[in-house]
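Undergrad: Sequence:
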Amino acid sequence: MTLPPPRLHLPYAPGPFRMAMGLTAVPEAEWIEIDAGYPAQLALRRALLAERRTEVLAALPGSGAAARELLACLAANLAAHHPERFRLAGGRVENRLAGETWPLPRDATEAEEALATLGHLVQEDFCLLRPDAEGPRLIAAVLCFPSRWRLRDKLGAPLAAVHGPVPLYAERLARPVDRFLAALAPGRLALRFNWAVHDDPTLFQPGGGGDTLCAVTPRDAGDRLFLRVERQTFRLLPESRAVAFGIRTHVAPLAAVAAEPGEAARLAAAVRALPPEMRRYKGLHRFEPALLAWLDARAAG
35 MTLPPPRLHL PYAPGPFRMA MGLTAVPEAE WIEIDAGYPA QLALRRALLA ERRTEVLAAL
95 PGSGAAAREL LACLAANLAA HHPERFRLAG GRVENRLAGE TWPLPRDATE AEEALATLGH
155 LVQEDFCLLR PDAEGPRLIA AVLCFPSRWR LRDKLGAPLA AVHGPVPLYA ERLARPVDRF
215 LAALAPGRLA LRFNWAVHDD PTLFQPGGGG DTLCAVTPRD AGDRLFLRVE RQTFRLLPES
275 RAVAFGIRTH VAPLAAVAAE PGEAARLAAA VRALPPEMRR YKGLHRFEPA LLAWLDARAA
335 G
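For what it's worth, the working numbering labels the leading residue of the sequence shown as 35, then goes sequentially.
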């Protein structure tokens, strides 16, 4: 079965830095991205769920109803919008891409089973957020492709604490995010992007970065650095009132990004516009001179 090539999302923007959610609406048919990377990524997800389950899957007591509702919602979406790849019948979802069939849990106590099935169906990771007096709280997740954070360190925390290390989040973004999630209506799907430049293309990155300088040079940065983009989606699950936060991770060599007209200059401008504390948080200080020299050379032709 032929799958489309991975999309090259380029969400960074030149100009003055703005700490904003940058939300857009997304149609139901575009909630999930499936591309030619599916077989390799599903094989990796299968291995992680089998061998490192406690690192990539976790659920608080009482999260089963939300996890089951998310799985049912996803299965219905896949069957409706990808019918040649997925089929839903008799309380089971058939994954024709992988040659597997998975039951839909009937018991609200089966949170981990529902999350594991999610992890075997799509390339997206999912976090479940529940309303709380302190703001939305992370109650469960299947997170096979983390970008330098550990699920066990964040499970049960409100979003403000989850994003504690993010510069300017508390001052500029915490309240708008909480208000947006509290006002999210059933049937509405919202989309935003997050981006970074890494020196490691590995999808499963619970750690990494740090302050150690990276031995990247202006000559080899295009092959040794990678644009990592998270396509993030939000939808309210009307029965449980939890919010499903989807994270679809894309990784592309910097050389592929710079091959697109004008993108080397746009990315260089976006990097330069970041405040110093945001550059450090993103780990750019480890290789920034080489990154910018390489981008500038490509932009100059």
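Just so you know, these hints were derived from the structure itself, not from any lab.
This structure is a prediction, so every number in the text was calculated from the model and none was measured.
C-beta: ideal position from N, C-alpha, C; glycine also.
Please note: incorrect hints may appear among the correct ones.
Claimed, not checked - Restraint-style ranges between C-beta atoms, simulated for each label pair:
hint, residue 1, residue 2, range
1, MET312, GLY133, 17 to 27 Å
2, ALA70, ARG206, 33 to 43 Å
3, ALA123, ALA249, 47 to 57 Å
4, PRO117, ASN228, 25 to 35 Å
5, MET312, ALA249, 17 to 27 Å
6, GLY133, ALA216, 34 to 44 Å
7, PRO165, MET53, 17 to 27 Å
8, ALA303, GLY124, 14 to 24 Å
9, ALA216, ASP69, 52 to 62 Å
10, ALA303, PRO38, 21 to 31 Å
11, ARG121, ALA333, 43 to 53 Å
12, ALA303, ARG186, 20 to 30 Å
Undergrad: So, for every hint listed, does it hold in this structure?
TA: Each hint, compared with the structure:
1. MET312 with GLY133: 17 to 27 Å: Once the Cβ atoms are compared, 44 Å apart, the range 17 to 27 Å for GLY133 and MET312 is violated.
2. ALA70 with ARG206: 33 to 43 Å: Holds, at about 38 Å.
3. ALA123 with ALA249: 47 to 57 Å: holds (54 Å)
4. PRO117 with ASN228: 25 to 35 Å: For ASN228 against PRO117, whose Cβ atoms are near 31 Å apart, the range 25 to 35 Å holds.
5. MET312 with ALA249: 17 to 27 Å: holds (23 Å)
6. GLY133 with ALA216: 34 to 44 Å: holds (41 Å)
7. PRO165 with MET53: 17 to 27 Å: holds (24 Å)
8. ALA303 with GLY124: 14 to 24 Å: Cβ of ALA303 to Cβ of GLY124: about 54 Å, so the range 14 to 24 Å is violated.
9. ALA216 with ASP69: 52 to 62 Å: violated (33 Å)
10. ALA303 with PRO38: 21 to 31 Å: holds (30 Å)
11. ARG121 with ALA333: 43 to 53 Å: Holds, at about 48 Å.
12. ALA303 with ARG186: 20 to 30 Å: violated (38 Å)
Violated hints, listed in ascending order, are 1, 8, 9 and 12; each of the other numbered hints is respected by the structure.
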